[in-house]
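Here are the chains, one letter per residue:
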Amino acid sequence: DTEVTQTPKHLVMGMTNKKSLKCEQHMGHRAMYWYKQKAKKPPELMFVYSYEKLSINESVPSRFSPECPNSSLLNLHLHALQPEDSALYLCASSQIGQGDLAEQYFGPGTRLTVT
Amino acid sequence: DQQVKQNSPSLSVQEGRISILNCDYTNSMFDYFLWYKKYPAEGPTFLISISSIKDKNEDGRFTVFLNKSAKHLSLHIVPSQPGDSAVYFCAAKSGGYQKVTFGTGTKLQVIP
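Read top to bottom, the protein sequences are chains A and B.
Per the working numbering, residue -9 is the first one in the first sequence, and the count goes up by one each step.
Per the working numbering, residue 91 is the first one in the second sequence, and the count goes up by one each step.
The shape of chain A in the complex, shown without the other chains (with noise of 0.2 angstroms):
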């Protein structure tokens, strides 16, 4: 299995509400991440979980908050967010180490809209 889901495919929130984006895979892997991608931009580090521990946080606004229930789930609980936090928001893992242990498998994304 070299899959890696995300729920939900898409997601409409207003300003006020809270939601939650869910990442899972099933390979093993000890590293997650989470990662925002604009339209026409690379995806943006948010993320990492190493060993289900945040590992890097890449300066993210508080409205975004990262879990990590165990090794095969991640999730991204939002709050209180922006119109310009619109994004298509990735989630992947691999496996901890160099080289070719640096190869991440990215699951589909939630396309997010704030109105």
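Calculated directly from the structure, the hints in this document are not laboratory data.
A hint or two may mislead.
Below, in silico cross-link-like pairs of lysine-lysine (DSS-like), each with a Cα-Cα straight-line distance of 27 angstroms or less [unchecked claim]: (1) A:K30 to B:K144; (2) A:K31 to B:K158; (3) B:K95 to B:K127; (4) B:K127 to A:K12; (5) B:K127 to B:K144; (6) A:K31 to B:K127; (7) A:K30 to B:K189; (8) B:K161 to A:K30; (9) B:K144 to A:K(-1); (10) B:K161 to A:K31; (11) B:K197 to A:K28; (12) A:K28 to B:K189; (13) B:K161 to B:K146; (14) B:K189 to A:K(-1); (15) A:K31 to B:K189; (16) B:K189 to A:K12; (17) A:K31 to B:K197; (18) A:K9 to A:K31; (19) A:K30 to B:K95; (20) B:K95 to A:K31.
Since the structure of chain A is already known, use the hints to place chain B on it.
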């Protein structure tokens, strides 16, 4: 500061011909490079990679060349097929650090 750059935002190639996608980087600490392919509304898919100890890696129709002195890498697709039409991202990382830095992307169109 864009550490990984793809200076051609788009490229059109006839089916059967060679596609060459270029990527430049500025961080000399990068020691592993990857190419990803992305279709609209999907996540990026890993294509091919190369370690800095090599200058070439080949996988079927895809070959990646690395020129460390020029801090330049390229992806060659031969022969190009219409199904190769997608956005291609170059990416780089250093050592065991988990962060991967993506380039700006090149949209490839293969014309039948």
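*Please flag the earlier hints that this structure goes against, numbers listed from lowest up.*
1 and 9
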